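Trainee: Could you build all of it, start to finish, from the sequences and the hints given here?
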Amino acid sequence: MPLMWLFFRDTWRELDEDAHRHRGELLARGKTDYRPFVALVMCALILTMQEYYGGRSAYLLYARPVLEKYDAAHAGALSFHKYDDLYGYTWWAVTRITGYVLVPFPVWKALYPKDSLLDFGLRTKGFFSHAWIYVLFLAVVLPAMLVVANQPDFGAYYPFYKGSSRSWYDFLVWESMYFAQFFALEMFFRGFWLGALRRSLGSGAIFAMAVPYCMIHYGKPYLEAVGAVVAGIALGSLSMRTKSIYQGFLVHITVAALMDWLSLAHRHALPTQLIAP
5 MPLMWLFFRD TWRELDEDAH RHRGELLARG KTDYRPFVAL VMCALILTMQ EYYGGRSAYL
65 LYARPVLEKY DAAHAGALSF HKYDDLYGYT WWAVTRITGY VLVPFPVWKA LYPKDSLLDF
125 GLRTKGFFSH AWIYVLFLAV VLPAMLVVAN QPDFGAYYPF YKGSSRSWYD FLVWESMYFA
185 QFFALEMFFR GFWLGALRRS LGSGAIFAMA VPYCMIHYGK PYLEAVGAVV AGIALGSLSM
245 RTKSIYQGFL VHITVAALMD WLSLAHRHAL PTQLIAP
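To get the numbering used here, take the position in the sequence shown, counting from 1, and add 4.
In case anyone wonders, no lab produced these hints; they're calculated from the structure. Misleading hints may appear alongside valid ones.
Stated by the list, open to error - With beta-carbon atoms standing in for the labels, derived distance ranges: (1) Gly208 / Leu106: 38 to 46 angstroms; (2) Ala143 / Lys35: 43 to 51 angstroms; (3) Lys73 / Tyr222: 33 to 41 angstroms; (4) Phe131 / Val233: 24 to 32 angstroms.
To be verified - Below, in silico cross-link-like pairs of lysine-lysine (PhoX-like), each with a Cα-Cα straight-line distance of 25 angstroms or less: (5) Lys247 / Lys118; (6) Lys35 / Lys118; (7) Lys166 / Lys224; (8) Lys247 / Lys129; (9) Lys86 / Lys35; (10) Lys86 / Lys166.
Keep in mind it's a predicted model, so treat the numbers as computed, not measured. We put the CB at the ideal spot given by N, CA and C, even for glycine.
Mentor: Below is the structure:
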C-alpha cells in the first residue's frame with residue numbers, strides 16, 4: 005500500500021482538487037449533485053440482480069428448460085447434454101455483460117446526455133505510452149499469483165468451467181467468454197463507476213468502488229478475495245491516471261488465463277484433443 009500511495013498520490017490529489025472545485029461550483033449556484041445517488045443506486049440494483057439472476061440457479065430455472073426442450077425437438081442440435089455446463093457459463097457471461105454494460109451505460113446517457121461515454125475509461129489515446137504501467141503491474145502481480153496458485157484450494161476452484169480440460173474447443177470457448185465478461189467487468193467497475201463518480205467524490209470514488217469489487221470475490225480462495233482490495237484500488241487508480249480501462253483489462257485477462265492454465269497444468273489436465281467426441 006505505501007508503494008501504491010507513492011505511485012498514485014499525484015493522481016489522487018488531482019482528482020480531489022477537481023472534485024472540490026466541482027462541489028464548490030454547485031454550491032455557489034445553489035444546486036445539489038445527484039450523481040452519487042443515481043450511480044450508487046444503479047450499481048446496487050445491478051449487483052443485486054447479478055447475484056440473484058446471474059448464476060447457476062437462475063440458469064437452471066429459466067434457461068436450461070428452454071434449451072433442453074429445443075435440443076430434444078431438433079435432434080440434439082445443441083449437443084445439450086454434452087455442453088450443459090458450458091451453456092450455464094454462457095448464461096453467466098451474458099448476464100454479466102448485460103448488467104455491467106448494456107444496462108448502466110445507456111441509462112446514464114439518457115439521464116446525462118451531455119456526458120461522453122468515452123470519458124468512462126474508453127478512450128484509446130495514449131494507450132501505448134502507458135504500456136509500461138501494464139508491464140510493471142504484471143511484474144508485481146505475477147509473483148503473488150504464483151503464491152496463490154500453490155494454495156490447496158486453487159486447483160479445485162480454477163478453471164470455473166471444469167470441462168476446460170476435455171478439449172481445446174472447450175478451453176478456448178470458455179476463455180473467450182471469460183475474457184468478454186472481464187472486459188464488461190472493467191467497463192463497469194473502472195469505467196462506469198469511476199466515470200460517474202469522479203467529479204463528485206474525487207479519489208473517494210476509487211475506494212468506494214473497491215468495496216463491492218472485493219465482495220464479488222467472496223467464495224473464491226481467501227488470498228484472492230483479500231488481494232481484490234489491493235487490485236481494485238490499483239486498477240481503479242490506473243484507470244483514473246490513464247483515463248483508460250484497457251491496461252487493467254489486459255492485466256486481468258493475462259492473470260486469469262495463467263491461473264486457469266496453471267491449475268490445469270498442476271493437475272496434468274491440459275487438453276489433449278481438439279474437440280471432445
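Trainee: Which numbered hints are broken by the structure, listed smallest first?
Mentor: 1 and 9
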